[in-house]
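Protein sequences, first through last, are from chains A and B.
All the letters of the first sequence, read from the start, carry residue numbers 29 to 186 under our numbering.
All the letters of the second sequence, read from the start, carry residue numbers 172 to 946 under our numbering.
Treat each hint with caution, since some may be false.
Mimicking DSBU-like on lysine-lysine, the simulated pairs with C-alpha atoms at most 30 Å apart in a straight line are [stated by the list, open to error]:
(1) LYS750/B <-> LYS652/B
(2) LYS750/B <-> LYS566/B
(3) LYS182/B <-> LYS149/A
(4) LYS755/B <-> LYS652/B
(5) LYS175/A <-> LYS814/B
(6) LYS182/B <-> LYS750/B
(7) LYS814/B <-> LYS652/B
(8) LYS175/A <-> LYS149/A
(9) LYS175/A <-> LYS182/B
(10) LYS149/A <-> LYS814/B
If you want the footprint, here are the derived chain B segments under chain A, 3+ residues with CB under 8 Å [stated by the list, open to error]:
(11) 500-511
(12) 519-527
(13) 689-702
(14) 718-726
(15) 859-869
Quick caveat, the hints were computed from the structure, so don't treat them as lab data.
Glycine included, every Cβ here is placed at the ideal spot set by N, Cα and C.
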Amino acid sequence: MDNERNIDVTVNGRSHSANVPARRRLSEFIRDDLGLTGTHVGCEHGVCGTCTVQLDGETVRSCLMFAVQADGAEIMTVEGLADGGALHPIQEAFWQEHGLQCGFCTPGILMTVHEFLLENKGPLEEEIRHALSGNLCRCTGYQNIVKAVETADRLWER
Amino acid sequence: MGATMIGERVKRLEDPRLLTGEGGFVDDIQLPNTLHAAFLRSPHGNARIRGIDLSAARAAPGVVDAFSLSDGWPDAPPTIPVLAPVDGLLPCPQYLLARDQVRYVGEAVAVIVAESRDLAEDAMELAEVDYEPLPAIATMESGMASGAEVLHDTVPDNVAVRWTQGIGDVAEAFDGAAHVVSDTFRMQRYTGVPMEGRGTLATQDPVNGELTVWTSGQWPHTQRALTAALLGLEEKSIRVIQPEVGGGFGVKVELYPEDVLIPFAALRVGRPVKWIEDRREHMLTVVHAREMDIDLSVALEADGTIRGMRCRLLSDQGGYFRTLGTVNPSLAITSVPGPYRIENYEGEVVCVLTNKSPSSPYRGAGGPEAVFARERLFDMAAREIGMDPAAFREKNILPADAMPYDTGLVSVESTVVFDSGDFPAGLQRALDAIDYAGFRAEQARDREQGRLRGLGICVYTQMASVGPYESAEVRVDGGGKVAVVSGAAPQGQGTGTALAQVVADQLEVPLDQITVTFADTARIPFGVGTYASRNAVMAGSATLVASERVRDKAIAVAAHLLEASEADVEWHEGTARLKGVAEKSHTLAELAQAAGPGGNRPEGMEPGLEIRHYFETLDAPFAFGVHIAEVEVEPETGDVDIKRYVAFSDCGRLINPMIVEGQIVGGIAQGVGGALLEELVYDEDGQMLSANLADYQLPTSLDLPNVEISHEESPSPLNPLGAKGIGEGGAIAGHAVIANAVEDAIAHTGARVRETPLRPAAVWKLMQEAGAASS
Ligand code: FES
Ligand code: FES
């Protein structure tokens, strides 16, 4: 039943080689095997976006993938954003604009915003709201998240 | 610094760890050797259990333990207590695991503990339960119908309790009325749905036997007391720690069966046991809220002055009365009159049992339901007598000179006495902010072009804290650093930052010298927790008093060291100095060292620069607010677009306006979600049709408006900070205001809004039916 496979992945710049059961989800692998618990799981069925990570630069829902599907990929999680002690400009912006309350949705949102801002400069509010619409947040009502994205757009030299 | 920290928009101390993924939520805590639990749950809404066979499950790979109620408690199994009972409540409590009947889909029947969650769930498929399905009660109406299936023998008509309360002479008020307007309103079942579900990890220390429980909750001290009582343990042998919590909104203020069963399992197997709720379990088993049918009548003078009101409220309680099952109906029935002068009022509550997950408080707890019905009825009443809805409210709102105003009503939580505020001025400010007169003129013009624009007003009061106490300990260490420990148990509100601001204000030390910790029964012996918008008022006041006394003590130590009288010592930027002699001073660190045991302190003084204070009160302050929303309804689809949203609030003195505004907007998001989208849907067999986040629609960034916020700060006389809570106000007003705005947009068709959610199809249907009726 626990049919295991070996996978090689790079996570936040570090390479890992691991044996994983075929049914292990990528979210479980990241959280439980690698101990990177910044990636959260809010629904485990692909709707809420809390589990969002980047796989080869593109956002994916890690609850919907098996770890074995990530074999050979480069993964970035929320732990890969800050540079040592220095927050990433997106993180700075969320801090400044009060873009989080409980912080449970935040890692997934940061991953989404990172991808969005790399592809978009000076986005309109409407575009930001569209970009965020696949990530649920139950605390903030999104208003300050939108503001944080606007601020991040200004702060982040890219 | 000093005296300016309160009222500052300080960035939150909590955020760096949350932004970098370092926040420790319960599932992030990984102990070696941990086992994982899965719950076997009822697939039926209502069924008798004829037998449970766990033998095959026990023999499955990786399974360490599996138990049902009779395995765990062969003799007298305990039930979950009702903590806020009302007179006449018939017993209908829940066992920790189903005994011989299940009464809602998802009710836990057995626990399986295995080396991994996957293995536990694999084994679950081998468990056999012999059910005899019974007819399910899916609505209050069918539960109250004669000949209905009886859910509990102790509750012959499925009505667990009914009560009435009132003030004045209602019969006289209605007899002499020029107009009586009545209607029935229905709010749907919906609930908190935090992004982090529930979860518990428990382990017993093999050396001292202490049981440690980490739980995603809101009231660790109460959870410890109840866990001890149900498991027959001593409180002192249990430590409950609430780590980072990913939202609670009231639904984690509850003693759930799993809260007790996971520690119980850990004791049985002698290893750590963890259970993390999945989303389907959450939707099926978290406490539900809001579902009420409300008959409401208002008696009016010819000029629109309210003579009196009558209310009959049916509350759908689900299958059992749980810990706080009485709170929603009790707060609802006492919230109906609200910020208006209503001297004659009579309310009746009827609590009906159905085959659904039990109901208990969720953000607003009865407030949203009552305010929705009242503010809806007032719009209808104004329309009926040909009065403008804003003018109707202006006529009846309590004047500033009525404060403090005793409504004469008492909820299970507190007396309803409005302590301060200028309600008419607040209403005017909100009307000005939206440019009420200007909107009405545009609305009439736009309607001729076929555009359906509407504006809704909601005026509300909110019980803005609840007793009986909260704890705070403020301690200065020898390095001059300040540690605050409180029994409050926040879930993302930023309370740590707010309490640090209170301390910084008193001690005049930088925020980065202060740490705040919460919600650990081993760190502070008593605490209440975080719910009912109580943190700023209760934990804030406890922290204020404790830090004031720490400063007084530091001044006494300084006077002793300086050989001066206390009156000659002043506090300045975290140091004590001889008045006017800057070089004669002592830092906080020096004073803490001198005050310590063995140090150089005044004779008779207790050692340690530390004070623990319990702020105790049963009097709740009341916050006030006016929300006004402008919507546009798409005539072809019924889709509702929120164009503007103005929120005026008076929640007393603000500690951190940024955090307060976050609470307001976050609350509104949940009210709007309830008004437009969210619903826990059961079919007639008691099966839930919305047990995932695709079918239960939470608002996204595309559904919510930017809120335009304004404040007044009428200090509460009931606590030394002058604070009032605000956490629930948005959820209370947000639902009603959207319902009112939608009706305003389509009222000319004859359509009336009596229930929610107002999804496009529902709005479209209202317009069609009204159109058909009028043509
Ligand atoms: S946890 Fe993956 S989308 Fe919700
Ligand atoms: S901050 Fe709590 S869910 Fe987004």
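Here's how the hints hold up against the structure:
no., hint, result
1, LYS750/B <-> LYS652/B, "holds, 24 Å"
2, LYS750/B <-> LYS566/B, "violated, 56 Å"
3, LYS182/B <-> LYS149/A, "holds, 26 Å"
4, LYS755/B <-> LYS652/B, "holds, 22 Å"
5, LYS175/A <-> LYS814/B, "holds, 18 Å"
6, LYS182/B <-> LYS750/B, "violated, 34 Å"
7, LYS814/B <-> LYS652/B, "violated, 48 Å"
8, LYS175/A <-> LYS149/A, "holds, 15 Å"
9, LYS175/A <-> LYS182/B, "holds, 15 Å"
10, LYS149/A <-> LYS814/B, "holds, 26 Å"
11, 500-511, "violated (count 0)"
12, 519-527, "violated (count 0)"
13, 689-702, "violated (count 0)"
14, 718-726, "violated (count 0)"
15, 859-869, "holds (count 4)"
In summary, the structure is inconsistent with hints 2, 6, 7, 11, 12, 13, 14 from the numbered list given earlier, while agreeing with the others.
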